[in-house]
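A.B. asks: Okay, here's what each chain looks like letter by letter:
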Amino acid sequence: MKKQVGIIFIVIGLLWGGCSSTSVKRVDVDETVDLSGRWNDTDSRLVSEEMIKDVLDRSWVQDHKRAHQGKAPVVIVGTVRNRSDEHINTRTFVKDLERALINSGQVDFVASAGERGEVREERKDQASFATEETAKGEGEEIGADFMLKGSINTITDRIKGEQVKFYQVNLELISIKTQRKIWIGDKKIKKIVKQSRFGF
Amino acid sequence: MIKMHKAVFALLMGFMISGCAAGFNHSQLNRYLETGECNRATAYVDQGRKSYGDNGELLYLLDSAMVYFQCQDFESAQSRFREAEDLAEKLWTESISRNIAAFAVSDNVLKYQGEDYERVLIHLVSAIGFLRAGRLDEALVECRRLDSLLSLFNATYEEKNVYKEDAFARYLSGMLHEADGELDDAFIDYYKAVRIYKDYAKAYGLSAPAVLEEDLLRVAQAVGRLDEARSVVPDSESRSWLTQSDTRAMGRVVYIQFSGFAPLKIQDRIIIPTRGGPVTVAFPRMVTAPPACRPGRLVLTSTEAGIEARIFPAEDINRIAVKSLNDRKGRVIAKTMVRAATKQVIISGLANQGDEEAQATIRLLLNMINLFVEQADTRTWRLLPGEIHVSRVYVPQGEYQVNLSLCDGDVRSLEKIRIAAGDTSFLFHDARYPCLTAGCRQ
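Chains as they are written, first to last, in this note's numbering: chain A, 1 to 200; chain B, 201 to 642.
With beta-carbon atoms standing in for the labels, derived distance ranges:
| # | chain 1 | residue 1 | chain 2 | residue 2 | range |
| --- | --- | --- | --- | --- | --- |
| 1 | B | ASP380 | A | ASP41 | 25 to 31 Å |
| 2 | A | GLY117 | B | LYS398 | 47 to 53 Å |
| 3 | A | ASP34 | B | GLU508 | 53 to 59 Å |
As a list, the in silico EDC-like pairs of lysine to aspartate or glutamate whose alpha-carbon atoms are at most 16 Å apart:
| # | chain 1 | residue 1 | chain 2 | residue 2 |
| --- | --- | --- | --- | --- |
| 4 | A | LYS160 | B | GLU358 |
| 5 | A | LYS194 | B | ASP286 |
| 6 | B | LYS290 | A | GLU162 |
| 7 | A | LYS160 | B | GLU289 |
| 8 | A | LYS160 | B | ASP286 |
| 9 | A | LYS191 | A | ASP41 |
Partial chain A-side listing against chain B, Cβ under 8 Å, derived:
| # | residue |
| --- | --- |
| 10 | ARG81 |
| 11 | ASN82 |
| 12 | SER84 |
| 13 | ASP85 |
| 14 | GLU86 |
| 15 | HIS87 |
| 16 | THR156 |
| 17 | ARG158 |
| 18 | ILE159 |
| 19 | LYS160 |
Since the hints were derived computationally from the structure, they do not count as laboratory data. Yeah, the Cβ is synthetic: ideal placement off N, Cα and C, and Gly gets one too.
Please construct the entire structure, taking both the sequences and the accompanying hints into account.
C.D. replies: This is the structure we're talking about:
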């Protein structure tokens, strides 16, 4: 009898399911945390920093300065297309690129197309409501010399419980005046993601 | 006394396992959607979350995602689709404890992990949701995810399943690539879509829409791969199609329609009389209800012209569902038979004391209880459509009233659109809930 009752309790215990609890731990933003294996903030930051370092190490910055009386090239970040099989927020990646470019101090940087519209609205507003001394006039914007644009691509291979993710970020620097491609760079990341096949 | 304890324990177990929630009332939800009452529909599905039961979380996520999709709250719909996708993936990695219980009792003690075709269709509906929200890049991401998931299933089942690739998703992906100006990618997708439709014709009796074949021939000509295209469109010599330069000054309208409901699963029970009482086994079976009225034609009218376009069946979810269940019929039968045998072993173990008559009585009692406990898993994503239809037409730029000519000759007004040269306008309509996209008739 005891044995039978024991079996029944074991079955009931198995059926019961697991208890859940929530815990929160704050971590440094630079700390690498990989949960699902998907593209994350660390990938975005590392790729942008490495690729900007690569583009700025090339001769085009000095070439431009020599040809323009020492003036730093003006760069704008265009579109980075998501051609991957993940919903990647390319806006945060573009922001990481912009940050890395500005912090380099080697190039000047202008606002993107979306941001320019808002600034122009503000200038129109100033023309009506700000004092003459402080209102900013039209036609004083700095035009960009180069546009940085690119795409994020993935190749995924998986079997049940395990997958290999290969990311390739391609960026190109294009001369706005001549359409000439000044630099093409890529950065690859490979991840192996294992998921436990069994769990209680 | 001992016998009483055993019976009580068995009864407790039976009730604990089979005592499921009352279930979600889909009829009420459908009424809200049919009458276009979105606020009520979204509130109803969210408030009814508990009715899906502890094991029905995935079904809640799928239903609520579809309701928000229908009600054009695409952000909420997509976040639920992502949750559903993650949960289904997680549940696919099996839980030992639940599977042991399922073998001993019923599949209903398992958390619902979704049929494979349902998991694939999460991506298809999500892609259409992104299209409706004007986010074409994200729609393409969903097409890629769909393809990746099907590859995973093919690798897992060693290509024994029929639903290996999704033809309509490929066609959609091709149209998106073409809208993006990526003609080489569009060609590959159109070409693959036509080939997959050949498999669809054998498996589901569904051939490639004529507009897809025309798209393939047109793009193939533009990228210099017409011979390859002709190899999969046998009557291409006698076909005429608009060339890429013909379409340059025109805009493209792509119309996607959901029709009817996906099949329901019902239970088939077999009761085998034995000396120890009735031994019960239960199997799921799909029951389809194809839409009574299939779409007729798409009619675009402007001040200068009236253009009609044929609407083609592009995805038969009813047949995909039936075939998918048939594909795994062997696994379902094996599991059910193992369960029936396991239960008989447990029942014999519980009824091994007392005299023969007492043992026979306990065995009979426990088998009677098993009549109620043994239930087939009949859970499905109830709000999926049964069929998807598509139309594609090139029109001169301008403003158009889009109408739908129905099978009974009636005409339903959909929406007004402005088409510019080179643009693609994606339109969506769900014939089950016309109030949501075409407005209610008074």
